[in-house]
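**Q** Take a look at the letters that make up each chain.
Number of protein chains: 2
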Amino acid sequence: MTIKPWKTVESKYILKDRWMTLRADRCETAEGVIVEPYYVQEPCDWVHIVAFNEKHEILLTEQYRHGIAKVCLELPCGGVEDGEAPEAAIRRELLEETGCQVGELVALPPMSPNPARYANLIYPFVSFGTEQIQEQSLDATEDISFTFYPIPQVIELVRQGEFWQSLHVATLFLALDRAGILKLKGV
Amino acid sequence: MTIKPWKTVESKYILKDRWMTLRADRCETAEGVIVEPYYVQEPCDWVHIVAFNEKHEILLTEQYRHGIAKVCLELPCGGVEDGEAPEAAIRRELLEETGCQVGELVALPPMSPNPARYANLIYPFVSFGTEQIQEQSLDATEDISFTFYPIPQVIELVRQGEFWQSLHVATLFLALDRAGILKLKGV
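Residue numbers (my numbering), protein chains in the order written: chain C, 1 to 187; chain U, 1001 to 1187.
What the hints contain is simulated information worked out from the structure, not anything from laboratory work.
Virtual Cβ for every residue (Gly too), placed ideally from N, Cα, C.
It is possible that some hints are incorrect.
Said to hold, decoys possible - Calculated pairs, DSS-like style, for lysine-lysine (alpha carbon to alpha carbon, straight line, at most 30 Å):
#, chain 1, residue 1, chain 2, residue 2
1, U, Lys1070, C, Lys16
2, C, Lys55, C, Lys183
3, U, Lys1012, C, Lys183
Stated by the list, open to error - Okay, the calculated beta carbon distance ranges per label pair:
#, chain 1, residue 1, chain 2, residue 2, range
4, U, Gly1099, C, Ala88, 43 to 51 Å
5, C, Gln132, U, Glu1084, 27 to 35 Å
6, C, Gln160, U, Thr1008, 37 to 45 Å
7, C, Lys16, U, Arg1026, 14 to 22 Å
8, C, Glu54, U, Arg1026, 40 to 48 Å
9, U, Glu1087, C, Arg18, 39 to 47 Å
10, U, Arg1026, C, Ile14, 19 to 27 Å
11, U, Arg1018, C, Lys16, 16 to 24 Å
As the list claims (entries may be wrong) - Residues from chain U shown here face chain C by an in silico Cβ test under 10 Å; the list is partial:
#, residue
12, Tyr1013
13, Asp1017
14, Trp1019
15, Ala1030
16, Pro1043
17, Glu1104
18, Val1106
19, Pro1109
20, Asn1114
21, Ala1116
22, Arg1117
23, Ile1151
24, Gln1165
25, Lys1185
Go ahead and model the full structure; you've got the sequences and the hints to work with.
**A** Here is the structure:
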């Protein structure tokens, strides 16, 4: 069976400010059914990194996240600015959030954070030889701590639901797979 | 360093319909900095499933996703209705989308789809012995195909960026880990 795309019959922006760009579309399915309003968000693209240090530990950050109203353990991450390459964005974010610098970046396959609701992409990276070279440089609203964790501890945090930012869990496993640390057994 | 939560000083709904509930908060950080507007979305909770058949193949669906405007390969998934248990929701969604029934459900740790923007949770499940017992039963706007894929092929689709719905990539790896199929090497 071939799945057919919808047509966008009409499209208008209902919110567009520094924090959110939200569009309401009038769509038509291949069978001619009208879907309206279909909301699509257009954030900037996002970048994530699994940054290993020389001991093969992974750099995690901790910050308050107001959507879920909890302090969350995460990967270093951020947004790609206009005209910026994803590689430059993740180096900039990492330096701002943790003062750390990484060597060569390995780009993992881009992912969609939620293809039903978002028009943007996630660019995940993995890198080795992470070193802190300067102090953090945070915005007035940011309060971020960071620590290197051994891989088995990170996996245990995922299993216990303590590292639970789903987009970052995806990047973590992609990176462990690319680094040759994950193995499929019995298949 | 202990990361402190923000206070919500004021909160108002700016969109509330069948498709989206969007709140704009006025927040105050622990250092007294005002953050406004901070947008939070409150969708229903979401459910995902890695449904293995007797041959240890994984059930994937394909449908058009208008956020990214592409046909996407995904896990069976859906929304939890008011008063519904996540277990009941995933059984219902699986039956509607694919006509398949599963045996015992193993609940994986809940995740946040994006703790900065969303107030809801994802409840991921894994199950074995999936069998098609009836025809699909889709809404007028839904057009979903489904196929069982061998595990190595699913992993290859992830590596190639063809199975790229980030929330589902997270659930896939959690499920493979819980099923004892993923091993950590050399750590």
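**Q** Next, verify each hint and record whether it holds.
**A** Do the hints match the structure? See the list:
Restraint check for Lys1070(U) and Lys16(C): satisfied, since their Cα atoms lie roughly 24 Å apart, inside the 30 Å limit. The straight-line distance between the Cα atoms of Lys55(C) and Lys183(C) is roughly 20 Å, inside the 30 Å bound, and the hint therefore holds. Distance hint between Lys1012(U) and Lys183(C) is unfulfilled; the C-alpha atoms sit about 48 Å from each other, more than 30 Å. At about 48 Å, the beta-carbon gap between Gly1099(U) and Ala88(C) stays in the expected band of 43 to 51 Å.
Checked against the given bound of 27 to 35 Å, the beta carbons of Gln132(C) and Glu1084(U), roughly 47 Å apart, lie outside it. For Gln160(C) and Thr1008(U), the hinted distance range of 37 to 45 Å is not satisfied, since their beta carbons lie about 28 Å from each other. Range check, Lys16(C) to Arg1026(U): about 20 Å between beta-carbon atoms, so the 14 to 22 Å window is met. A hinted range of 40 to 48 Å holds for the C-beta pair Glu54(C) and Arg1026(U), which are about 44 Å apart.
For Glu1087(U) and Arg18(C), the hinted distance range of 39 to 47 Å is satisfied, since their beta carbons lie about 40 Å from each other. Separation of Arg1026(U) from Ile14(C) is about 21 Å and conforms to the stated range, judged on CB atoms against 19 to 27 Å. About 23 Å separates the C-beta atoms of Arg1018(U) and Lys16(C), a value consistent with the hinted range of 16 to 24 Å. Annotation: Tyr1013(U) was flagged as interfacial toward chain C, and the flag is violated, the nearest CB pair being 13 Å apart, outside 10 Å.
Given hint, Asp1017(U) at the interface with chain C, holds; its Cβ is 8 Å from that chain's nearest Cβ, closer than 10 Å. At a threshold of 10 Å, the smallest CB-CB gap from Trp1019(U) to chain C is about 6 Å, leaving the interface hint in force. Because the beta carbon of Ala1030(U) sits about 7 Å from the nearest beta carbon in chain C, less than 10 Å, this interface hint is met. With a cut of 10 Å, the hint placing Pro1043(U) at the interface with chain C holds, because the nearest CB-to-CB distance is about 9 Å.
Annotation: interface hint on Glu1104(U) violated; nearest CB of chain C at approximately 19 Å, more than 10 Å. With a least beta-carbon distance of about 13 Å to chain C, the hint placing Val1106(U) at the interface is violated under the 10 Å criterion. Interface restraint check: Pro1109(U) against chain C, minimum CB-CB distance 3 Å, threshold 10 Å, status holds. Satisfaction of the interface hint for Asn1114(U) is found here, the shortest Cβ-Cβ separation to chain C being roughly 6 Å, below the 10 Å cut-off.
With a least beta-carbon distance of about 5 Å to chain C, the hint placing Ala1116(U) at the interface is held under the 10 Å criterion. Using the Cβ-Cβ criterion of 10 Å, the hint placing Arg1117(U) at the interface with chain C is satisfied: the shortest such distance is roughly 5 Å. Interface hint status for Ile1151(U): upheld, as the beta-carbon distance to the closest one in chain C is roughly 5 Å, under 10 Å. Satisfaction of the interface hint for Gln1165(U) is found here, the shortest Cβ-Cβ separation to chain C being roughly 6 Å, below the 10 Å cut-off.
Annotation: Lys1185(U) was flagged as interfacial toward chain C, and the flag holds, the nearest CB pair being 5 Å apart, inside 10 Å.
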